[in-house]
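> Protein chains in written order, with this note's numbering: chain A, 37 to 457; chain B, 15 to 249.
Hints listed in this document are in silico derivations from the structure and should not be mistaken for laboratory results. Watch out, some of these pointers could steer you wrong.
Straight-line alpha carbon distances no greater than 30 Å define the calculated BS3-like cross-link-like pairs of lysine-lysine that follow [to be verified]:
no., chain 1, residue 1, chain 2, residue 2
1, A, Lys350, B, Lys17
2, A, Lys449, B, Lys174
3, B, Lys96, A, Lys350
4, B, Lys17, A, Lys449
5, B, Lys227, A, Lys365
6, B, Lys174, A, Lys365
7, A, Lys365, B, Lys96
8, B, Lys130, A, Lys365
9, A, Lys365, B, Lys17
10, B, Lys188, A, Lys449
11, A, Lys449, B, Lys227
12, A, Lys365, B, Lys83
13, A, Lys132, A, Lys323
Far from chain B by the CB rule (all over 12 Å, computed), these chain A residues [said to hold, decoys possible]:
no., residue
14, Arg52
15, Cys77
16, Ser142
17, Gly262
18, Arg292
19, Glu355
20, Ala450
Here a beta-carbon is modelled for each residue, glycine too, at the ideal position from N, C-alpha and C.
Read off the chains here:
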Amino acid sequence: MFDVDNINEIWQTIARNKTRSLLTAFGVFWGIFILVILLACGNGFDNGIRSNVQGFATNSTFLIPTYTTEAYKGYQKGRNWDFNMSDLEAIKQKIKGIEMISPISSVYTYNGENNVFYGIKGGNFGMKGVLPNYNDIDRGKIIYGRFINETDIAEARKVCVIGKKVYEDVIGADKNPLGLMIKANGIYYQVVGVIDPYNSNVNVGGSMNETVVLPLTTMQIAYHTGNKFDFLVFTTAKGYVTKDLQEEVKNLLRERHDIAPTDEGAFMCFDFEQLFNMFEYLFLGIKILIWIVGIGTLLSGVVGVSNIMLVTIKERTREIGVRRALGAKPGLIIRQVMAESLLLTILAGIVGLVIGVAIMSVVAGFVGNTPSEDVMFLDPQIGFGAAIAATIIIVLSGLLSGVLPATRAIQIKAIDAIREE
Amino acid sequence: MIKLENINKTYFGAQPLHVLKGINLNVEEGELVSIMGASGSGKSTLLNIIGILDNYDEGNYYLAGKLVKNLSENQAAEFRNKLIGFIFQSFNLIPFKTALENVALPLFYQGVNRKKRNMMAMEYLERFGLKDWADHYPNELSGGQKQRVSIARALVTSPKLILADEPTGALDSKTSAEVMQILREVNATGITMVIVTHERGIANLTKKIVHLKDGIIESIEENDPDKMDFTKEIK
């Protein structure tokens, strides 16, 4: 189909009407160009939002005890209740499908007054008591020392891991913080590590960046909470359904704390999986919208090509008739018309694709591709798959735009050329 | 070469038009035949049927011994390409192709490679004294030159039959004489030729004149063109 002779034939007819071919091709060029730009921008937002939530285990659930909302077993409603360490053990033993479970305690410190000091420098930061596995849920990079370990827990050591901002504000970025004693809410703790969270926008009870992290046991002693703790976070193992797991955990806790089995209000429950799924659906929706708009724009380009080709065919009635009289078979005429619109579309489409990708890579150069917490737009480029898809769409639209003109062309009989009009 | 048996053709429009009402005609190989008739006599329709550009309703048409009836578009295209060369009144050269490309076009449809078909096309252009005009486009050629290009195009496939529809209709008398001379020379090489014309002077240069009137053959006149002095005014 695409030997030199045919290409020549096609090129001659396209080049004969340069302005018209150019304008026609512009429709397709614009369609593909817009599609690429939209897809790239969609990806940019996608990447931006994702970079905001990365570092946080997306299959995690937070449970926080509040007040009972139903009277049960002689207790009035509105009763205050807490998690305790034996709840943790019970959940671990009785419920299957939990990948990881971690208790958290926190101290309310956000009253605006400085509560964390090193020497005379101070700042207002949160405090959390956690187990070593908390770092697997709210992930971060340890930039100094280590995270809380099992020995810290077992011995309830007076140590702490501090967030990067705490380190920079209170100790100063030029000092080695390890071994230094900082004072938090009036008690001295030795710094054993500094953590830089991968993300600080998704969190429960304050960002790790601005938190002094203690071993849970240390906090329980320091604040006289016994074996109680404030939040429970767990992640779902592969093959288990988060919703079901949540119900199992809640039911077990209700049973253990004499809460009515129907009492939903006794917990506050943050389902991050659901939250992230919502993001996924949002992005899916945006993507579908982009494709619809993009394909729509492209389609109007295709209609343009088709339309112009129809006019061209009409004008070329005589020429096509002569060709038929000289022995051109219908198949050849079809191929030629199809190839003409295909060539026009493909050239225009490829140019659109290339220019679109080029522009977006320049934009990407300005925007950058380093994830950070307050970036909403990141690395706006289309992937290889989308580029391939766009190319396939270009070819398909070329074929599509050729169908109608080609059908019209083979309806021209050789006799039409002979008729003197 | 051509054998027409009771050819009937009706155009079905708002008013059915019975154009050909039973044509019987034999043209032997190597003959030079003209078809004459007033406008509306059906001569163009007859030529179209002979040229397999149009089909007929009744009768049989044998071309080079083969029955031409209900052919598919592809078969018809192949017949036209291999057996028939067309010469039109308005030349019908493709305007955006050079003389050489125009002549080479039928060979392109035969699948001859470019080098060979350009060589062959050049040969025919040379034969008609158009070698220097090979790279010119039709609008840069005179009427006579255009018609010679179209004759070259008709001949390049070495057809058995040349069909000419008013080949001199758009030419002045001097050029007409030249073109007719060329056509006669071509006929002398053994190629059958059918010329449709309404000019007596042109018909007088052929050996057999078929008079068509109202869709039937009125008479067939034998003629000796050599008695005619075609250098004289032929109109």
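> Does each hint hold? Answer for all of them.
Hint check:
1. Restraint check for Lys350(A) and Lys17(B): not satisfied, since their Cα atoms lie roughly 36 Å apart, outside the 30 Å limit.
2. For the hint linking Lys449(A) to Lys174(B), the alpha-carbon distance of about 23 Å falls within 30 Å, and the restraint holds.
3. For the hint pairing Lys96(B) with Lys350(A), the CA-to-CA distance comes to about 28 Å; that is within 30 Å, so the pair holds.
4. This hinted pair checks out: Lys17(B) and Lys449(A) have alpha carbons roughly 24 Å apart, not beyond 30 Å.
5. For the hint pairing Lys227(B) with Lys365(A), the CA-to-CA distance comes to about 34 Å; that exceeds 30 Å, so the pair is violated.
6. Proposed proximity of Lys174(B) and Lys365(A) is supported: the alpha carbons are some 20 Å apart, at most 30 Å.
7. Under the criterion of a C-alpha separation no larger than 30 Å, the hint pairing Lys365(A) with Lys96(B) is consistent with the structure, at around 12 Å.
8. Pair hint Lys130(B) plus Lys365(A) holds up; C-alpha atoms about 21 Å apart against a cutoff of 30 Å.
9. Our distance criterion of 30 Å between C-alpha atoms is met by Lys365(A) and Lys17(B), whose separation comes to about 25 Å.
10. Under the criterion of a C-alpha separation no larger than 30 Å, the hint pairing Lys188(B) with Lys449(A) is inconsistent with the structure, at around 34 Å.
11. Between Lys449(A) and Lys227(B) the alpha-carbon distance is near 26 Å, which keeps this suggested pair within the 30 Å criterion.
12. Annotation: proposed proximity of Lys365(A) to Lys83(B) holds, straight-line Cα distance about 18 Å (limit 30 Å).
13. Simply put, Lys132(A) and Lys323(A) have alpha-carbon atoms about 37 Å apart, too far for the 30 Å limit, and the pair is violated.
14. Once the 12 Å rule is applied to beta carbons, Arg52(A) is inconsistent with being away from chain B; the minimum gap is 5 Å.
15. No Cβ of chain B comes within 12 Å of the Cβ of Cys77(A); the nearest lies about 43 Å off, and the non-interface call holds.
16. Taking the minimum C-beta to C-beta distance to chain B, about 82 Å, the non-interface status of Ser142(A) holds against the 12 Å cut.
17. With a least beta-carbon separation of about 95 Å from chain B, Gly262(A) lies farther than 12 Å from that chain, consistent with its non-interface assignment.
18. No beta-carbon of chain B comes within 12 Å of the beta-carbon of Arg292(A); the shortest separation is about 86 Å.
19. At roughly 5 Å, the least C-beta separation between Glu355(A) and chain B is not larger than 12 Å, which violates its mark as non-interface.
20. At roughly 5 Å, the least C-beta separation between Ala450(A) and chain B is not larger than 12 Å, which violates its mark as non-interface.
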